[in-house]
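Using the sequences and the hints given, assemble the complete structure.
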Amino acid sequence: MKKQKTLSYWQYVLLTHLSALLAFAIIRGIQIAYSSIALKDNTPFSEYLECFGRGLVYDNHCSLLALVPVTLVLGVQSIIGKESKLVSKIGFGITAAIYFVEVAVCTANIVYVKYQLANINFEAVKALGQGKEVLDMMTSGTYIVAFLLGTVYCVGFIYLLWLLFKKFVKEGEQYRIVSIIVFIVLALLMAVGIRGRSNPKEKHIKKYQKIIGIPLNTSFAEYSEQLLLNLSAMNDFFYVEKSSEQSSKGKKTFRFMSSGKAKKIAFRYQNYPHEVDANSIKQNNHIFLVLMEGMSAKVMKTFGYPKDITPFLDSIYAKSLSYCNFYSAGVITQKGMCATFSSAPTFAHFHSMEKIPRRRTVISTAYRHEGYTTQLFIPHAPSFDNVFGFFAANPFEYKYCLDDYPEKYQSLSWGAPDEYLYEFVVNKTDSLISSGAHKTLSVVYGCSNHPPYNIPDEYHKKGFSVEEAAVYYADAQLKKLYNLVRNTEWGKNALFVFVADHGRHYVSNMLSSNHIPLIFNHPELEPRVDPTLGVQYDVLPTMLALTGINYKDFLGYGIDLARSKRDTVFFAYGEKYALKTKDKLYLFTPESGYSEVWNETAGGFKLISKKDGAFEKYMKANLQYGCKFATSY
1 MKKQKTLSYW QYVLLTHLSA LLAFAIIRGI QIAYSSIALK DNTPFSEYLE
51 CFGRGLVYDN HCSLLALVPV TLVLGVQSII GKESKLVSKI GFGITAAIYF
101 VEVAVCTANI VYVKYQLANI NFEAVKALGQ GKEVLDMMTS GTYIVAFLLG
151 TVYCVGFIYL LWLLFKKFVK EGEQYRIVSI IVFIVLALLM AVGIRGRSNP
201 KEKHIKKYQK IIGIPLNTSF AEYSEQLLLN LSAMNDFFYV EKSSEQSSKG
251 KKTFRFMSSG KAKKIAFRYQ NYPHEVDANS IKQNNHIFLV LMEGMSAKVM
301 KTFGYPKDIT PFLDSIYAKS LSYCNFYSAG VITQKGMCAT FSSAPTFAHF
351 HSMEKIPRRR TVISTAYRHE GYTTQLFIPH APSFDNVFGF FAANPFEYKY
401 CLDDYPEKYQ SLSWGAPDEY LYEFVVNKTD SLISSGAHKT LSVVYGCSNH
451 PPYNIPDEYH KKGFSVEEAA VYYADAQLKK LYNLVRNTEW GKNALFVFVA
501 DHGRHYVSNM LSSNHIPLIF NHPELEPRVD PTLGVQYDVL PTMLALTGIN
551 YKDFLGYGID LARSKRDTVF FAYGEKYALK TKDKLYLFTP ESGYSEVWNE
601 TAGGFKLISK KDGAFEKYMK ANLQYGCKFA TSY
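Our numbering applies: residue 1 is where the sequence shown begins, and numbers increase by one.
Everything labelled a hint here was simulated from the structure, so no lab data went into it.
No incorrect hints appear here.
The calculated lysine to any residue pairs, modelled on SDA-like cross-linking and capped at a C-alpha distance of 25 Å, are:
#, residue 1, residue 2
1, Lys-610, Thr-589
2, Lys-261, Glu-591
3, Lys-461, Gly-304
4, Lys-399, Arg-368
5, Lys-282, Ala-437
6, Lys-479, Ser-315
7, Lys-617, Thr-581
8, Lys-85, Leu-186
9, Lys-89, Phe-183
10, Lys-166, Gly-93
11, Lys-114, Gly-53
12, Lys-89, Leu-15
13, Lys-439, Trp-490
14, Lys-301, Asp-457
15, Lys-301, Glu-458
16, Lys-5, Val-185
17, Lys-89, Val-101
18, Lys-584, Asn-325
19, Lys-628, Ser-564
20, Lys-264, Phe-254
21, Lys-565, Val-529
22, Lys-89, Trp-10
23, Lys-479, Ile-519
24, Lys-263, Glu-616
25, Lys-408, Phe-424
26, Lys-114, Lys-461
Restraint-style ranges between C-beta atoms, simulated for each label pair:
#, residue 1, residue 2, range
27, Gly-304, Glu-225, 17 to 25 Å
28, Leu-56, Ser-36, 17 to 25 Å
29, Ile-158, Lys-85, 15 to 23 Å
30, Thr-601, Tyr-34, 26 to 34 Å
31, Pro-531, Gly-29, 39 to 47 Å
32, Lys-462, Leu-160, 39 to 47 Å
33, Ser-315, Asp-553, 32 to 40 Å
Note that beta-carbon positions come from the ideal geometry of N, C-alpha and C, so glycine has one too.
Okay, here's the thing in structure tokens:
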């Protein structure tokens, strides 16, 4: 058998793959070190090793996926005995582009995990299309160093791959059968690696699945009681890949039981009268709903934070009708806004504000119907998260955004800072009342407590971290807004509703991303701390009842917290979903069916079980009916 001209490329494929595995492992180590505040001090070394071991499986999948184009191009040319340098370079270019995206996503995830204690998903990647705000956030303030280092790392890695390509892809001679065997072996190994393997968690599985397992999924990373290690075990490109598959299915509805049964179980706490509360506020002419960016309950001294960075919120919390067991519907702003403004649950696989609700009860419509003049104030561009578009069918009479503020704020990442925004709110409300408006609803979103921060120097002088200084600044501006309103004649009896859009994750607590304050402050409300379990979709019905508005036609997912009680609440916990009771937390991943039951103690959360039939039934009912409700605009 005669030898033929061929391409030698297997060394290049192997070295490229090993280089990628090393690059991903370095990122994983940096991510763990950078977010180490979320780790317990006594973490055994074996858990770190397992994190890297499980991560290697995900890295293997991502690296081999990127290698497919160049391996296919070089392998086919090797078999036919002819090389086109242009075709080879095109194959390399495609592989290099995929690697660049993979490494870029993973490096960006280092900072994302630090802030959110969650991995970047497809919805977060789609946010890149929202333009200026995201670009400014990536390239300014506290993120510029990370952005530059990440860019250098990505470019350097691709340059290394190019050097390997030039050195190890070369012409030679060998038998065609050898070229075919090499290609087949590489193809089989890559197919096995890309598929990956997870151990089946279900009891009733087919026999062959016990041997070959099931394709690699996200639950394979869930091995530790420490969330940071589970997040770090995951290659974030794999996470984006899986969440994009979920998103591409559209507004997927879950199907676990009959529709009637799902609604009955999910709405078991809805058996209260949708009507005016007999103890409602009599003087309710002016209402301020203040949505606070990233204000976790866990950063308040009231809830045990060691530093006094929220003096105003702690003070007003004690003087108001406040809820201590209140949770955000999700962990990003558009989820919190949607739930608060339209009383709907939120889901990870679609943007909660991308479409216009026409059937659900929306805050602007509910109060306009009662004669209130309505205003919406946001600090940034109106297109970001589609905030203005969300209210297209239920408009506020007056809407203010970045275009309405001075030019000096146009270049800031998040537009008008809280200090200016809140003064603007009071001035506009005062003008509105002076012109004859008898009743007003002002919805305000302040986001200075969002990185990259633009915090005045005086708030950094108290020994606080950058994040703590931002919280301290935001709290001071809330106090300013409150005092400005209360010092007016019309504001003495105004109702203030303070609620966060979501929490924070730099505090070492599993629920710090969801546990948020809810505060109703009015002279007629008796100060008390209510332990009733609640979620953001309860804000609107509670407001309607407290302000004396009859809402028999209310179409929402929430309940009036002032008159109704729950023993369980449902909300999104990143890509998972959670049920929370007084002392237990149930987490569920719909795609894999993986679940965990945690017991909440004074020392934190302890994993006690993997299954719970009652929790699972209630969870599935909420997923099924809640998703149907949330997508029935």
